[in-house]
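Taking the hints into account, I'd like the entire structure generated from these sequences.
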Amino acid sequence: MILEPIPPKILAVRRIHAAHASVLASYGADPERHTALGLVTCDQDDPTYVALDEATKHAPVDVVFARSFYAGAAHASGRLSGEILGVLAGAGPDEVEEGLRALIRCLEHDARFYRADERGEIAVFPHVISSLGTYLSREAGLPQGSSMAYLVAPPIEATIGMDAALKAAAVTAARVFPPPTETNFAAAWLAGELDACKAAATAFAEAVVEVGRRPRER
Amino acid sequence: MSVTTTLIEVLRARLGAADPLPPAPALPTIEAPPARVFPSPRTRGRFAEEASTHTTALLGIGHVGTRYATDVVLQFQAELAVAHEAVEAVLPDDWAEAQKLLPLRSQVQDHHQFLLRPDLGRRLHPDSVQLLRQKAARPVDVQPILADGLSAVACMGSGLALLGSFTRECEARGWKVGTPICAKFARVWLEDEIGEEVGAKIAAILLGERPGLGTGDGLSAYLVFEPRVGKTDGDRNMMSNIHARGTPPEQAAKRLALLAGAMMAQRTSGVRLDLSALRAELGEAAGTGYRAPQRRERLVEIAP
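As you go down the protein sequences, you meet chains A and B in turn. Taking the numbering used here, the leading residue of the first sequence gets 93, the next gets one more, and so forth. Taking the numbering used here, the leading residue of the second sequence gets -10, the next gets one more, and so forth.
Worth flagging that the hints you see were computed from the coordinates, not collected in a lab. Every residue, glycine too, gets a C-beta built ideally from N, C-alpha and C. Among the hints, a few may not be true.
Stated by the list, open to error - The following residues of chain A were derived to be distant from chain B, with all beta-carbon distances above 10 angstroms: (1) Pro99; (2) His112; (3) Glu124; (4) Gly170; (5) Arg193; (6) Ala215; (7) Glu231; (8) Ser238; (9) Phe269.
Said to hold, decoys possible - If you only want the chain A side, here are some residues facing chain B, beta carbon under 7 angstroms, derived: (10) Ile94; (11) Ala168; (12) Leu172; (13) Lys290.
Said to hold, decoys possible - Here are the simulated distance ranges between beta carbons: (14) A/Leu286 <-> B/Gly5: 22 to 28 angstroms; (15) A/Arg310 <-> B/Leu63: 58 to 64 angstroms; (16) A/Val268 <-> B/Pro17: 49 to 55 angstroms; (17) B/Ile19 <-> A/Val268: 37 to 43 angstroms; (18) A/Arg107 <-> B/Ala7: 40 to 46 angstroms; (19) A/Met93 <-> B/Gly49: 44 to 50 angstroms; (20) A/Glu96 <-> B/His52: 51 to 57 angstroms.
Next up, the structure:
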């Protein structure tokens, strides 16, 4: 079975209602505006980046910190580490709580990797964001509210898929992450109209499946 | 459904992965069987074919794959039908009188009961007891009884011939033979009561035997010395397969008379009867000379 979802596992969700100013500062928050933090770890990093961005669309929160861990969840430093630590900052606990609710909903129902081969040894993340929030629009250098295809796969699959996606639709490469990323994948953020982004994500996923089926073109 | 899950669903359907089960492998094509199936000459061995001309046993019937050939199956079904018909046949009520035999019957009411209640078939009907006391000669040396048993066909067929031959053999030895009797719905043990009533030294019941494949006309004969109600099978001597393709009635009558003679001499029957001295004579009586090979009767013919 191909293109079966691989549900992300949320490993920890914690709040700091009144964080110390030094903690706020060292994690990129602004002690003037932020007092509360929400911290999430998950075993899939890219869905979490999407979910963090999703939170900014539902609550007045900022994504102040989000970093993937080296070599991914299979080599985590502890059972709660996973692949990523994401931090939401807000003016108070209520704002952070609202943001966390949107983040968890997105991770549980929308953003996830898919199996690109029968044995589940190739994972692909062909995600379309119809409307960017504050976090990813800033990271991608795109206007808030525009559409973006967030495409991730292992190195060779991603490279061929990225090429196919760019040729399949009127999209432009907003940012490309050549391998290795922290988790040894490769990724591309493609910008365009929503329909173009959908066509690009479809072409990307199909190319990844095809590479998995014929790795040596025979 | 979010944007991404929708596009993944569409892509899965397009790649043929939407079906939760993998596609079933294609069925192999199976050739239609030939219209008629007969054994090829290769499957009929020459030796088996030759052997089959000397016996009624099922030899040299060949095979088609792992199965019987059509003609063999049809023959089997026809022979089974012969056996069924023989079991189903009922002795007509007026047959015994027409043959000038004393007509007796057991306590059995009808044919169905006859098959299900062997115990009733072993005792005489009260009317028959009266008839026997009025009409039958007594005392006698040998009391022959013709009976239907499980095959009225055999009783009406070679039964009379066997009864006649056996009576002549006995009279030739100077024994007093009882009034010829025909018993309807009779089991073997009915000879005990009849023999006891007429005070016979030996009772001999000649009755149709349980039909086998293609032998609905076989007779058996059971002899018992000093018949009394309560005698068991251990007290009897018997001969089976008395029919044209087995032991012919004339030879069987000689052999039965020899048996009766041994019973008279030793004053016993059954397992206690010592036949070791008579082995040669019994063999002679059964006919040890050349006899033309018997063939199984073809009930079904199929043009090859």
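How does the Cβ-Cβ distance of A/Arg310 and B/Leu63 compare with 58 to 64 angstroms: does it lie in that range? holds, 60 angstroms
Over 10 angstroms from every CB of chain B: does A/Pro99 meet that, or does the non-interface label fail? The claim stands: A/Pro99 keeps its Cβ more than 10 angstroms from every Cβ of chain B (closest is about 12 angstroms).
Classify the hint on A/Ala168 as holds or violated, based on whether any CB of chain B lies nearer than 7 angstroms to its CB. Violated. Min distance 26 angstroms.
If I claimed the Cβ atoms of B/Ile19 and A/Val268 lie 37 to 43 angstroms apart, would that claim hold in this structure? Cβ of B/Ile19 to Cβ of A/Val268: about 57 angstroms, so the range 37 to 43 angstroms is violated.
In terms of Cβ atoms, is chain B entirely out of 10 angstroms range of A/Phe269? holds, 19 angstroms
Confirm or reject the claim that A/Arg107 and B/Ala7 have a C-beta distance inside 40 to 46 angstroms. holds, 41 angstroms
Taking the least C-beta to C-beta distance, is A/Ile94 closer than 7 angstroms to chain B? With a closest approach of 5 angstroms, the A/Ile94 hint holds.
Tell me if the beta carbons of A/Val268 and B/Pro17 are separated by a distance inside 49 to 55 angstroms. This hint holds: roughly 51 angstroms between Cβ atoms.
The output says A/Glu124 does not contact chain B. Does that hold with a beta carbon cutoff of 10 angstroms? holds, 35 angstroms
Is it the case that A/His112 keeps its Cβ farther than 10 angstroms from each residue Cβ in chain B? holds, 37 angstroms
Non-interface claim for A/Ser238 versus chain B (Cβ beyond 10 angstroms): holds, 14 angstroms
Any CB of chain B closer than 7 angstroms to the CB of A/Lys290? holds, 5 angstroms
Of the numbered hints listed earlier, those contradicted by the structure are 11, 12, 17, 19.
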